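Peer 1: Each protein sequence line maps, in turn, to chains A and B. In this text, residue positions in the first sequence follow the numbering used here: the first is 72, and each later residue adds one. In this text, residue positions in the second sequence follow the numbering used here: the first is 33, and each later residue adds one.
For the record, the hints were derived by calculation from the structure and aren't laboratory data. Source: prediction; values computed, not measured. By construction, the Cβ of each residue, glycine as well, lies at the ideal position given by its N, Cα and C atoms. Heads up, a few of these hints could be off.
Selected chain B positions facing chain A (in silico; Cβ < 7 Å) [what the hints assert, rightly or not]: (1) E70; (2) D75; (3) S76; (4) D80; (5) E83; (6) E84; (7) V87; (8) E88; (9) R90; (10) L91; (11) L94; (12) Y96.
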Amino acid sequence: MKKCSLVLVTVDCLRADHCGFLGYPRPITPGLDSLAAQSVVFTDAIVAGAPTYFSFPGIMASRHPLSLGRTVLGIAPQEATIATALRYAGYKCAAFVAGNPYLTARYGYDQGFDEFHDFMDAAVPTGSPSDEASAVSQLNRWVERLSHRSRLTGASYDELYFWYCQWRTSRKETSLDDLRRYPAADVLMQRAIAWVKGLAEERFFLWIHLMDPHHPYYPPQEALSAVGASAVTARRARFLNAFWNRGDIGPTRWHRFRDDIITLYDAGIYWADKQIGRLVDTLRDIGRWDETAIAVTADHGEEFLEHGVRYHSPVHLPEELIRVPLLIRSPATRSSKIGEVFSHVDLAPTLLECVGTAVPETFIGSSRWTEISTGQMSAEPAVIECLDGCNNPFQMKDRLRPRLLAVRDHEHKLVIRFGENGDTMSSIKKQSEDPTTSKGLAEKKRAQFLRKAAAHLRASHNRKAEPELRARARELRYEIASERERS
Amino acid sequence: MAQNRTIQLPEELCARADAWLTGRFENLEALLRFLLQEMMSEDSAKLDQAEEELVEQRLKDLGYL
Numbered sequence: 072m073k074k075c076s077l078v079l080v081t082v083d084c085l086r087a088d089h090c091g092f093l094g095y096p097r098p099i100t101p102g103l104d105s106l107a108a109q110s111v112v113f114t115d116a117i118v119a120g121a122p123t124y125f126s127f128p129g130i131m132a133s134r135h136p137l138s139l140g141r142t143v144l145g146i147a148p149q150e151a152t153i154a155t156a157l158r159y160a161g162y163k164c165a166a167f168v169a170g171n172p173y174l175t176a177r178y179g180y181d182q183g184f185d186e187f188h189d190f191m192d193a194a195v196p197t198g199s200p201s202d203e204a205s206a207v208s209q210l211n212r213w214v215e216r217l218s219h220r221s222r223l224t225g226a227s228y229d230e231l232y233f234w235y236c237q238w239r240t241s242r243k244e245t246s247l248d249d250l251r252r253y254p255a256a257d258v259l260m261q262r263a264i265a266w267v268k269g270l271a272e273e274r275f276f277l278w279i280h281l282m283d284p285h286h287p288y289y290p291p292q293e294a295l296s297a298v299g300a301s302a303v304t305a306r307r308a309r310f311l312n313a314f315w316n317r318g319d320i321g322p323t324r325w326h327r328f329r330d331d332i333i334t335l336y337d338a339g340i341y342w343a344d345k346q347i348g349r350l351v352d353t354l355r356d357i358g359r360w361d362e363t364a365i366a367v368t369a370d371h372g373e374e375f376l377e378h379g380v381r382y383h384s385p386v387h388l389p390e391e392l393i394r395v396p397l398l399i400r401s402p403a404t405r406s407s408k409i410g411e412v413f414s415h416v417d418l419a420p421t422l423l424e425c426v427g428t429a430v431p432e433t434f435i436g437s438s439r440w441t442e443i444s445t446g447q448m449s450a451e452p453a454v455i456e457c458l459d460g461c462n463n464p465f466q467m468k469d470r471l472r473p474r475l476l477a478v479r480d481h482e483h484k485l486v487i488r489f490g491e492n493g494d495t496m497s498s499i500k501k502q503s504e505d506p507t508t509s510k511g512l513a514e515k516k517r518a519q520f521l522r523k524a525a526a527h528l529r530a531s532h533n534r535k536a537e538p539e540l541r542a543r544a545r546e547l548r549y550e551i552a553s554e555r556e557r558s
Numbered sequence: 033m034a035q036n037r038t039i040q041l042p043e044e045l046c047a048r049a050d051a052w053l054t055g056r057f058e059n060l061e062a063l064l065r066f067l068l069q070e071m072m073s074e075d076s077a078k079l080d081q082a083e084e085e086l087v088e089q090r091l092k093d094l095g096y097l
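Construct the complete structure from the given sequences, taking the supplied hints into account.
Peer 2: Shown next, in the form of structure tokens:
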């Protein structure tokens, strides 16, 4: 088999059901739809964990996020990844990551890459207070504490404060580009394309991680126009994001602007799609398309109040979060659709076999490439896990939370909440994911899923200690280096 | 009073660590104590063990174990 180059595009927060080739009616992914027509499309691709920090060990290192211990964040030092495997095989490897703080060298994602660009200097942290605002903030905090002595005055304060902030910020002119927290896809693609064009005849591995659909939602004006929202100004987008982000109200009030928020989100997808199309066109123009395989997927989806929740917190594992788009286009393989469950832990080994490269022994997943090529993929339930409510894994104590684990096949999903000592079986086929009690489903299926969960936990428990120790040592080095810089 | 143990480490390695220490660790002993405590911490392992036992109990309740 002739060895191909490989491109892996991951798009943060991209829901499977917001892709045209998976049935979304709004035309926001024309590029991916066209690519899908030449690809193997997986209609039931499932992440290994959610959100990003729990998903990417599955994508890059073919393992579940907690397999090395729940204190390990990211890729352990010396851990084999798809990049290290391809570099060992002689590939030139480069990564362009749009400013996601969990996908940095600090967490091992640079391993195996000749060039690793995380664009962290281009990313702007949210909520950075200005000097002018700090004195006012102190007064506001004092008033807030007083107001919250009663529920009524607290709610009134929160409402007034929100509108006061909107009035203050509306006085300043701004642009969508200024408001955006991450570099847009065109910025990354420009650099990635320049890198590819600069290569000689070498085989290459290119990983691009795009953040355009990620909140806060500030797509380029061109993207808004393309989705029929040209009237949305930067001011309006800022208001919508601020309202959607309010923690003092609930789903009933958020719902008022749900459609507008989805429009912003869809425009972000449109922009990512357009830039992926640029890359495909470039590969064709420079004559490398026929020797390059390309895979496009997401690390997780996004919620828009389907279960009363926004964004992508690890507080439950709904379909909107765990089912992601996945397509693999290979020059040697004809297009097809795979309906069986495909776990992200199988992605890296599958891609390595697709391009004719050996799979590291440490990978937990298996290559499904031969099955895919013959059109006979076997059905295997997928395991998805995270730490319940772990929204700030930078803090070690947040990682010592109970596990949230799901076992899912094409029809059912068992979710085990270890923190509550409970589990729920639900049907995937039903339109709404209303959980049914375990009594309502075949005991045999539930036992099968529980046995899978038990085997998964046992394997994790019997892990080697060295990767965890190396990862902790690396984190400590970074913490100390940060303290030195600050002092 | 807690008993201490004396160990030997290469001087060159200790000198490099001394140069690298910051305000978080007073001295090399404090750094090593912290690292060993981190390594010996059983918090994560205890959580893993409890979760494995919970699932096994579920299977027993169903009569599969």
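Peer 1: If a hint holds in the structure, say so; if it does not, say that too.
Peer 2: Each hint, compared with the structure:
no., hint, verdict
1, E70, "6 Å, holds"
2, D75, "5 Å, holds"
3, S76, "5 Å, holds"
4, D80, "5 Å, holds"
5, E83, "5 Å, holds"
6, E84, "4 Å, holds"
7, V87, "5 Å, holds"
8, E88, "6 Å, holds"
9, R90, "5 Å, holds"
10, L91, "5 Å, holds"
11, L94, "5 Å, holds"
12, Y96, "5 Å, holds"
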